[in-house]
Every structure is written in structure tokens, then in C-alpha cells.
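Visitor: Numbering follows UniProt numbering, in which position 91 of the sequence shown is assigned residue number 91; successive positions increment by one, without gaps.
Hints listed in this document are in silico derivations from the structure and should not be mistaken for laboratory results. It should be emphasised that the depicted structure is a prediction, and the values quoted were computed from it without experimental measurement. There's no promise every hint is true.
Pair by pair, the computed Cβ-Cβ distance ranges are [what the hints assert, rightly or not]:
(1) Y17 - G229: 13 to 23 Å
(2) A181 - G20: 54 to 64 Å
(3) L100 - A181: 19 to 29 Å
(4) T173 - P284: 39 to 49 Å
(5) D180 - E202: 11 to 21 Å
(6) I74 - P177: 26 to 36 Å
(7) L129 - P251: 15 to 25 Å
(8) G184 - D49: 40 to 50 Å
(9) E292 - P251: 48 to 58 Å
(10) R22 - H50: 25 to 35 Å
(11) D240 - E151: 20 to 30 Å
In this text, a Cβ means the ideal position worked out from N, Cα and C, and glycines have one as well.
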Amino acid sequence: MRPIPHGGNPAEARRRYGLGERHLIDFSACLNPFGPSPTVIAAARAGLDHVGEFPEPGCPRLAERIAEFHGVPIDHVVVGAGTSELISLIAQSLREVLALHAYENGDPAMAVSHLVEPTYGDYRRVSVLNELRIETWGTHILNWHQEEFPEPAAGVFWTGHPDNPTGRAWDRTVLLPRVDASLGLLTVVDEAYLPFLADESERTLVQAATSRENLLVLRSFGPIAAIPGLRIGYAVASPDMVIRLKQYQDPWTITQVAEAAALAALDDNDSRQRVIQLLSEEVPRLTDRLWEIPGLRPAWPEHERPGNAPPAPNYLLVSLSETVWTSRKFMKSWPIGDSWSVNVPTIAGSKSEHSSRDMTSWSQPRAIFESP
1 MRPIPHGGNP
11 AEARRRYGLG
21 ERHLIDFSAC
31 LNPFGPSPTV
41 IAAARAGLDH
51 VGEFPEPGCP
61 RLAERIAEFH
71 GVPIDHVVVG
81 AGTSELISLI
91 AQSLREVLAL
101 HAYENGDPAM
111 AVSHLVEPTY
121 GDYRRVSVLN
131 ELRIETWGTH
141 ILNWHQEEFP
151 EPAAGVFWTG
161 HPDNPTGRAW
171 DRTVLLPRVD
181 ASLGLLTVVD
191 EAYLPFLADE
201 SERTLVQAAT
211 SRENLLVLRS
221 FGPIAAIPGL
231 RIGYAVASPD
241 MVIRLKQYQD
251 PWTITQVAEA
261 AALAALDDND
271 SRQRVIQLLS
281 EEVPRLTDRL
291 WEIPGLRPAW
301 PEHERPGNAP
311 PAPNYLLVSL
321 SETVWTSRKF
331 MKSWPIGDSW
341 SVNVPTIAGS
351 KSEHSSRDMT
361 SWSQPRAIFE
371 SP
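Construct the entire structure; sequences and hints are all you get.
Guide: Below is the structure:
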């Protein structure tokens, strides 16, 4: 499997388009657009005082704070260098287990990695690298509440909650009964973007993962705290699964700087609520402006967001009208690169102060590289 470029690479975009050191907004990186809070930045700087020491294996202080934050036992928590490391560890840890299960049942095809696409591309990548047979479950991007679920089988089912890039989210009353009916299937629920939803507490499956052997929930500090460069995230799962992941984890993958920033982010509830409030105001504003551009259509049937849709996360999936745009024409019109991770374009735009006016102006193509 040849390496494929991931999104989130402003440096490469600057080189490609000759932009020097200009600040860019990378539309492929679904982050808190207001940047890390001063509290988180200060904590990260303080963490530099300890870079002359090896990090404490397992980040027990952060794991304890995460457990306290969610109200779960600490032996259900494992900290990783971003959810990317944890996704890879999950696939590695399942490779031999699923292969053995398939062999014992006389059906090698049973070792399956289930994907509902379009979704985050790392699930497919780690499945291929760990020789898990992929089965794709199609879904329609306009169906906001996820309904597709694999029939009871051995394997792993990866799903975003909300999904990237569609924004679809699970209803817990739909998902959990299906998890309980599929005991041979590990369901991995990626909640990296759930903190952006106002009804996060009603949707999260973190607590549910502590009472089920076949449910694992991923969480990330990168998007909501806007610290993707520090690579810090965690998983909540059964104690046996936590032990298994730690067995495959390399030592010292999480730096003291990342741990310090994550601890501060957990305690910085005021900044988190401010981000949620501002996005709840600006996402509809940006969406309205997108509708004004001929050939662009946010991914729902009508201009108004349907009543059964979950709150909008910090990203949008936008359809290109076949009668006005083609992907090739669109990419020639603006500086755009392909994002393999979700099979949609990535757009780099000029960075400005994150006011309501500026967030709205992101949708204006003629100003995409203009300074404020």
C-alpha cells in the first residue's frame, strides 16, 4: 500500500502556490477555528520545563483526570498520541485475534473490518495494513441519523460520531441495542468531533463503553482544543481492551507538553462553551453564504437544515452541482488539493481574525487568499 498524502498540511500548500509564510486556514483540518485558548497555550509552555526528562509511561496523571472528567474508572482509560495512534493500535491488537477466530470457525473471510463510507480514511488504511478484509456498508449522506449497521459477525466496525465528513451522528437508542446484539463485533465509535455539538452529553457513548466488552470510544483533544500538533487523545474501553492496546503501544509517545496542554483543556470549560456557542451562530451563517454560490449545495435536500439533523459540527459536506461544477473545474478555479482521508477536496484560505464577519467571508472565492 503506497503512502497517500493526508490533509492538514499548510506548509505544502504554501510551497505549491508560492505563498511564502502567509497564514492559511486549512479547510481539510476540522479544528476549532478560534485556536487554542490562552490557558492551554500557557500550560503547554510550562510543560517545556520538563522536556529534559522522559515522559511518564501511560500518562497516569492525565488518565486519572480524564476518568474524573467522564466519571469512569481509570482502568477503562488509555491515553495515546492522538486518535491516529489509537486507531492503529486497535487494528494491530485485533489482527491476530480476528485471524484466530476466523481459523477456529473454518472461515478466513470472517476477519472483517466494516466501514460505512464516506468516512475517515484512516479506518481503511489501518485495516489494509493489518490485513483485515474490508466490507463497505453504503449509506446516503442526506440520512442524518446513522442507520446502517453490520449484521452480527466477527470483526470490527468503525464509525464516526458525528461522522467525518457527512456530519451524521448516532442516536444512542439505535446504536446500543445493535452493539449488544453483536457481541462478536468490536464497535469503535470515534467521538473526535462530538465536543462541538451542544447536545454532547446526550449523545456520548463514553459511559456505555465501561459496561461493554465490545464497545470502544475514541476522543481527541486536537479538534476542540485546537492543538493537533501536540498529538494527544484517548480511548475508553473495557479493562481488557485497555491492557491489550497498551501492550502494542510504543513507550514515551506522549510528550510532557502535550499532557500539560490536555490537562489544561479539560479544565477550560469556559473556552469550550464559548466555541460551541460561536459555532452554533456561525455555521448557519456560513451555510447561507455557501447556498448563494451557484453550484454549491450543503449536503441536505433543501436550504433549511432538516429538523431531525443533529447539531452541526465544525465542518460541512458540500455537494457540487453536476450542471455547474465538476470536481476538475472546481479544483482549477481555486487552489485546492485532494484530501484522501475523506475523499473530498481540501481548501486553503487566508487566515484572518475569527470574527463573525471573517468566518462568513470564508465562502467568498475571490477573497480566498486576500488579507483582511
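Visitor: State, for the Cβ atoms of R22 and H50, whether the hinted interval 25 to 35 Å holds or is violated.
Guide: Holds - the Cβ-Cβ distance for R22 and H50, about 34 Å, lies within 25 to 35 Å.
Visitor: Could you tell me whether the CB distance from G184 to D49 stays inside 40 to 50 Å?
Guide: Because 48 Å falls inside the window, the suggested range holds.
Visitor: Given a hinted range of 54 to 64 Å, is it respected by the beta-carbon distance of A181 and G20?
Guide: Distance hint for A181, G20 holds at roughly 56 Å.
Visitor: Is the distance from the Cβ of E292 to the Cβ of P251 consistent with 48 to 58 Å?
Guide: Given range 48 to 58 Å: holds, Cβ gap about 53 Å.
Visitor: Check the following: the C-beta atoms of D240 and E151 are separated by a distance inside 20 to 30 Å.
Guide: Roughly 25 Å apart at Cβ, these two residues keep to the hinted range, so it holds.
Visitor: Is 19 to 29 Å a correct range for the gap between the Cβ atoms of L100 and A181?
Guide: holds, 23 Å
Visitor: Is 26 to 36 Å a correct range for the gap between the Cβ atoms of I74 and P177?
Guide: holds, 28 Å
Visitor: Quick check on a hinted range of 11 to 21 Å for D180 and E202, using CB atoms only.
Guide: Once the Cβ atoms are compared, 19 Å apart, the range 11 to 21 Å for E202 and D180 holds.
Visitor: At the C-beta level, are L129 and P251 separated by a distance inside 15 to 25 Å?
Guide: For L129 and P251 the Cβ distance comes to about 21 Å; the hint holds.
Visitor: Please check whether Y17 and G229 have a Cβ separation lying inside 13 to 23 Å.
Guide: Since Y17 and G229 have Cβ atoms about 22 Å apart, the given range 13 to 23 Å holds.
Visitor: Quick one: are T173 and P284 within 39 to 49 Å, going by C-beta?
Guide: Taking Cβ atoms as reference, T173 and P284 lie about 27 Å apart, which means the hint is violated.
In summary, the one numbered hint that this structure violates is 4.
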